[in-house]
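Participant: Chain by chain, the residues:
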Amino acid sequence: MVDILLLIVITISIIANILIFILYKKQREISEYFKRSLQEKKLRHDTVITEKITLGKQQLEAVFDAITDMICAIDKDFNIVRANKSYASYSKLSVQALPGKKCFEVFFKRKTPCSDCPAKISFTSQKPIFKHQKKIKINDKTEYFLITTYPVNDSLGKTINVIEHIRHNTEEKMILEQLIRSEKLATIGTMTAGIAHELLNPLSGISGTAGNMIQMPEKYGLNDKGIARITSIIESANRAGSIVKDLLHLSRKEEGTSIITNANEIVIKAIDAVRMKDIPPIEFKMSLEDNLPKIICDPGKIQQVFINLLTNAIQSIEAKKQIYEQANKSYSGVILIATHQSKGNVQIDISDNGIGIDDSIKDKIFEPFFTTRSPGEGVGLGLSICQKIIEEHEGKIFFESKETFTTFSVVLPSYSKKEVREVLG
Amino acid sequence: MYSILIVDDEFSIRTMLMDYLEEFYEVEVAENAQEALNLCKKKYFNLVISDINMPGMKGPELLLEIKRLYPETRTALITAYNIDDYINLARKSGVSNIIPKTSPFNFKELFDIVDGLLTGNIFGLRRYMNDNYINFGEFCIKSSKEAKDVREAIVTLLKERLGVIGDMRLILDEIITNAIYHAPAFEDGTKKYEEFSDVVLEPQEYVYLECGYDSEKYGVSVVDKMGRLTKEIVLYKIERQINGKGILDDSGRGIHMSRLFSDRLIINIAPKIKTEVIMMNYFTNKYRGYKPVYINEL
Numbered sequence: 000m001v002d003i004l005l006l007i008v009i010t011i012s013i014i015a016n017i018l019i020f021i022l023y024k025k026q027r028e029i030s031e032y033f034k035r036s037l038q039e040k041k042l043r044h045d046t047v048i049t050e051k052i053t054l055g056k057q058q059l060e061a062v063f064d065a066i067t068d069m070i071c072a073i074d075k076d077f078n079i080v081r082a083n084k085s086y087a088s089y090s091k092l093s094v095q096a097l098p099g100k101k102c103f104e105v106f107f108k109r110k111t112p113c114s115d116c117p118a119k120i121s122f123t124s125q126k127p128i129f130k131h132q133k134k135i136k137i138n139d140k141t142e143y144f145l146i147t148t149y150p151v152n153d154s155l156g157k158t159i160n161v162i163e164h165i166r167h168n169t170e171e172k173m174i175l176e177q178l179i180r181s182e183k184l185a186t187i188g189t190m191t192a193g194i195a196h197e198l199l200n201p202l203s204g205i206s207g208t209a210g211n212m213i214q215m216p217e218k219y220g221l222n223d224k225g226i227a228r229i230t231s232i233i234e235s236a237n238r239a240g241s242i243v244k245d246l247l248h249l250s251r252k253e254e255g256t257s258i259i260t261n262a263n264e265i266v267i268k269a270i271d272a273v274r275m276k277d278i279p280p281i282e283f284k285m286s287l288e289d290n291l292p293k294i295i296c297d298p299g300k301i302q303q304v305f306i307n308l309l310t311n312a313i314q315s316i317e318a319k320k321q322i323y324e325q326a327n328k329s330y331s332g333v334i335l336i337a338t339h340q341s342k343g344n345v346q347i348d349i350s351d352n353g354i355g356i357d358d359s360i361k362d363k364i365f366e367p368f369f370t371t372r373s374p375g376e377g378v379g380l381g382l383s384i385c386q387k388i389i390e391e392h393e394g395k396i397f398f399e400s401k402e403t404f405t406t407f408s409v410v411l412p413s414y415s416k417k418e419v420r421e422v423l424g
Numbered sequence: 000m001y002s003i004l005i006v007d008d009e010f011s012i013r014t015m016l017m018d019y020l021e022e023f024y025e026v027e028v029a030e031n032a033q034e035a036l037n038l039c040k041k042k043y044f045n046l047v048i049s050d051i052n053m054p055g056m057k058g059p060e061l062l063l064e065i066k067r068l069y070p071e072t073r074t075a076l077i078t079a080y081n082i083d084d085y086i087n088l089a090r091k092s093g094v095s096n097i098i099p100k101t102s103p104f105n106f107k108e109l110f111d112i113v114d115g116l117l118t119g120n121i122f123g124l125r126r127y128m129n130d131n132y133i134n135f136g137e138f139c140i141k142s143s144k145e146a147k148d149v150r151e152a153i154v155t156l157l158k159e160r161l162g163v164i165g166d167m168r169l170i171l172d173e174i175i176t177n178a179i180y181h182a183p184a185f186e187d188g189t190k191k192y193e194e195f196s197d198v199v200l201e202p203q204e205y206v207y208l209e210c211g212y213d214s215e216k217y218g219v220s221v222v223d224k225m226g227r228l229t230k231e232i233v234l235y236k237i238e239r240q241i242n243g244k245g246i247l248d249d250s251g252r253g254i255h256m257s258r259l260f261s262d263r264l265i266i267n268i269a270p271k272i273k274t275e276v277i278m279m280n281y282f283t284n285k286y287r288g289y290k291p292v293y294i295n296e297l
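In order, the protein sequences belong to chains S and G.
In terms of numbering that gives the first Met the number 0, the first sequence opens at residue 0 and continues consecutively.
In terms of numbering that gives the first Met the number 0, the second sequence opens at residue 0 and continues consecutively.
By construction, these hints were calculated from the structure, which means they are not laboratory data.
Honestly, I wouldn't trust all of these hints.
Subject to a maximum C-alpha distance of 27 Å in a straight line, what follows is the list of computed BS3-like cross-link-like pairs (lysine-lysine) [what the hints assert, rightly or not]:
{"#": "1", "chain 1": "G", "residue 1": "K236", "chain 2": "S", "residue 2": "K293"}
{"#": "2", "chain 1": "S", "residue 1": "K157", "chain 2": "S", "residue 2": "K172"}
{"#": "3", "chain 1": "G", "residue 1": "K285", "chain 2": "S", "residue 2": "K293"}
{"#": "4", "chain 1": "S", "residue 1": "K224", "chain 2": "G", "residue 2": "K107"}
{"#": "5", "chain 1": "S", "residue 1": "K395", "chain 2": "G", "residue 2": "K285"}
{"#": "6", "chain 1": "S", "residue 1": "K244", "chain 2": "G", "residue 2": "K107"}
{"#": "7", "chain 1": "G", "residue 1": "K271", "chain 2": "S", "residue 2": "K244"}
{"#": "8", "chain 1": "S", "residue 1": "K75", "chain 2": "S", "residue 2": "K126"}
Cβ pair distances, simulated, as ranges [stated by the list, open to error]:
{"#": "9", "chain 1": "G", "residue 1": "F110", "chain 2": "S", "residue 2": "I194", "range": "29 to 35 Å"}
{"#": "10", "chain 1": "G", "residue 1": "R287", "chain 2": "S", "residue 2": "E171", "range": "54 to 60 Å"}
{"#": "11", "chain 1": "G", "residue 1": "F110", "chain 2": "S", "residue 2": "E264", "range": "35 to 41 Å"}
{"#": "12", "chain 1": "S", "residue 1": "N290", "chain 2": "G", "residue 2": "R126", "range": "43 to 49 Å"}
{"#": "13", "chain 1": "G", "residue 1": "V199", "chain 2": "S", "residue 2": "Q214", "range": "48 to 54 Å"}
{"#": "14", "chain 1": "G", "residue 1": "R126", "chain 2": "S", "residue 2": "M190", "range": "40 to 46 Å"}
{"#": "15", "chain 1": "S", "residue 1": "I194", "chain 2": "G", "residue 2": "L38", "range": "30 to 36 Å"}
{"#": "16", "chain 1": "S", "residue 1": "I194", "chain 2": "G", "residue 2": "Y24", "range": "31 to 37 Å"}
{"#": "17", "chain 1": "S", "residue 1": "G220", "chain 2": "G", "residue 2": "F110", "range": "23 to 29 Å"}
In silico negatives: residues of chain S with every beta carbon more than 10 Å from chain G [claimed, not checked]:
{"#": "18", "residue": "K108"}
{"#": "19", "residue": "E197"}
{"#": "20", "residue": "Q214"}
{"#": "21", "residue": "N237"}
{"#": "22", "residue": "D297"}
{"#": "23", "residue": "S331"}
Cβ coordinates follow ideal geometry from the N, Cα and C atoms, glycine included.
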């Protein structure tokens with residue numbers, strides 16, 4: 000009986016052991032399984048995150064490069080750490096070639112850092128600098144920039160990089176200046192019209208009274224000396240009168256004097272007009288397009304513009320001729336006149352190989368009272384009147400001064416009867 | 000002797016005008032409209048010349064009032080301001096002569112206009128020229144075929160003798176076309192000839208041209224027999240062109256262009272008898288840029 004009991008106990012214990020072993024094994028297997036699956040899961044998770052990070056980086060880089068403003072990060076020694084495509088293309092280098100280069104060298108073409116560098120301030124103050132205005136001459140061209148700098152700090156709070164955000168606003172600046180200029184012109188215009196007419200009244204009285212005195216000296220008890228003095232009064236009054244007339248021309252808005260005509264005819268007439276004056280031998284080369292669309296304009300005014308431009312060209316040639324004669328060099332003046340269509344507009348180019356226009360006065364030549372001539376030769380209203388007239392015609396006037404030739408171009412909208420009808424309703 | 004009243008608030012202007020005109024006429028001056036009206040009550044004036052901008056009543060208003068009170072009195076305006084801006088006002092006041100205050104003052108022109116207004120002697124290029132006037136030639140157009148040749152003959156004469164033509168070719172073209180095609184009409188006023196058609200004018204119709212010059216200017220006159228223009232129509236057409244409404248008009252463009260592209264345009268009308276258009280250019284630019292209005296109707 001004991002044996003049977005012992006056997007049962009042994010059997011049970013064996014079975015229990017086996018069971019325990021099996022259970023243990025199973026448990027190991029299960030834990031292994033969980034461990035493995037956890038690892039796999041982690042691995043998968045990591046891959047996804049890496050992928051996400053890569054994608055995010057790519058997206059950010061694309062955004063970074065897509066920004067048309069120029070952006071770069073620099074370190075304390077002005078070395079570029081990173082820059083976007085706009086920055087690279089302005090510097091005429093590839094994005095990859097930029098890191099390590101000095102920002103002032105590649106961007107501003109300088110040998111030393113700019114004295115007013117806003118990034119330097121951001122490094123020391125650890126604060127951003129907003130919209131710092133920068134005007135710089137690069138290759139003889141004045142360029143304007145708006146620079147904003149942001150410091151980038153490490154975990155210890157030390158500024159390791161500065162991000163520079165640079166906006167190229169030369170064009171905006173130019174447009175703004177142009178606006179201010181035309182605003183000024185408009186104000187001057189309104190003022191002058193009133194002043195000029197008011198001046199004409201007494202001037203007419205002065206010159207008329209003086210004229211009577213010269214014509215009928217005995218009526219006024221005038222002797223020869225008196226006549227001589229009155230003559231000089233008349234001359235002064237007439238000079239003042241002609242300036243007043245110029246001013247009126249500049250300011251007067253003459254509406255509705257438009258007719259439909261061919262620009263070539265006006266150009267030819269202007270050339271004839273300047274040729275009638277005593278001018279030095281100058282070769283006039285003409286290339287006028289035959290089938291030019293007609294323009295709607297005030298031919299008298301447009302002719303005045305061409306005469307003005309041609310006169311300037313002749314004077315420029317005369318000036319150069321003098322210089323060459325003094326240096327015993329040979330030179331012959333040429334004026335090229337060309338008309339052609341461009342994008343539904345009519346363009347007239349008047350070029351000369353005279354002395355050209357100095358860079359320093361380029362942005363002043365359309366200003367009223369700006370002149371390079373000596374006093375008495377002109378008050379400097381010519382080109383400002385031209386600009387005014389062309390603007391009235393909704394056209395454009397601009398110039399380009401290259402090595403040998405200076406070209407003034409006038410662009411006028413071409414006419415179609417339909418448009419006029421629509422405008423007039 | 001004719002009597003003239005000059006109204007201007009600017010002392011130098013009214014005395015200057017008086018000093019000159021009193022050599023030929025009886026002249027009185029007034030500083031403002033009220034003074035002028037008071038003077039008119041005491042004395043009859045054949046002509047009143049008034050400034051436009053004066054303190055108190057303005058020139059056009061004054062002249063309208065004078066016309067109402069004394070219908071026989073002739074009127075003219077004088078101004079230093081832009082005449083184009085006052086054409087509407089002038090038309091409403093029945094004024095068709097606006098003299099510019101130029102510097103130097105143009106006394107010859109003043110005399111021609113004043114004398115024309117007083118005497119009614121308005122026709123002929125010669126009377127607007129100085130004593131040293133030289134007549135280059137006279138032409139008569141009887142058919143549309145002759146128009147171009149006559150125009151070219153005049154242009155050639157100017158070019159060869161004087162070396163300048165201004166915009167004469169352009170405006171002669173317009174004015175001759177008007178004279179041939181637009182001026183002749185049937186009794187009921189409808190147009191007689193179609194533009195650009197071949198036309199032979201009837202015996203009593205003709206277009207007569209004269210050109211010549213003096214020491215300071217040259218000019219061309221175009222006379223057409225009959226003609227339907229009135230000063231009212233001319234002023235209306237000029238006004239319409241100036242404010243841009245008439246840009247596509249056929250009639251009116253010729254007159255407007257002539258005024259625009261010559262230094263002086265004078266239109267003389269003897270109703271139903273003849274119409275004369277005179278265009279003149281000065282050799283120097285001292286009187287250029289002012290655009291007076293000189294329209295005389297008998």
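Participant: Confirm or reject each hint.
Facilitator: Evaluated hints:
1. G:K236 / S:K293: holds, 24 Å
2. S:K157 / S:K172: Cα-Cα ~37 Å, so violated.
3. G:K285 / S:K293: violated, 32 Å
4. S:K224 / G:K107: holds, 26 Å
5. S:K395 / G:K285: Roughly 30 Å between the alpha carbons, so the hint for S:K395 and G:K285 is violated.
6. S:K244 / G:K107: Satisfied, since the Cα-Cα distance of roughly 21 Å is no more than 27 Å.
7. G:K271 / S:K244: violated, 40 Å
8. S:K75 / S:K126: Holds, at roughly 14 Å.
9. G:F110 / S:I194: 29 to 35 Å: holds, 30 Å
10. G:R287 / S:E171: 54 to 60 Å: violated, 42 Å
11. G:F110 / S:E264: 35 to 41 Å: Cβ of G:F110 to Cβ of S:E264: about 37 Å, so the range 35 to 41 Å holds.
12. S:N290 / G:R126: 43 to 49 Å: Holds, at about 46 Å.
13. G:V199 / S:Q214: 48 to 54 Å: holds, 51 Å
14. G:R126 / S:M190: 40 to 46 Å: holds, 41 Å
15. S:I194 / G:L38: 30 to 36 Å: Between S:I194 and G:L38, where Cβ atoms are some 32 Å apart, the hint holds.
16. S:I194 / G:Y24: 31 to 37 Å: holds, 34 Å
17. S:G220 / G:F110: 23 to 29 Å: Since the Cβ atoms of S:G220 and G:F110 sit about 24 Å apart, the hinted range of 23 to 29 Å holds.
18. K108: holds, 52 Å
19. E197: At about 8 Å from chain G, S:E197 fails to clear the 10 Å cut-off, so the statement is violated.
20. Q214: violated, 8 Å
21. N237: The claim breaks: S:N237 does not keep its Cβ more than 10 Å from every Cβ of chain G (closest is about 5 Å).
22. D297: violated, 8 Å
23. S331: holds, 26 Å
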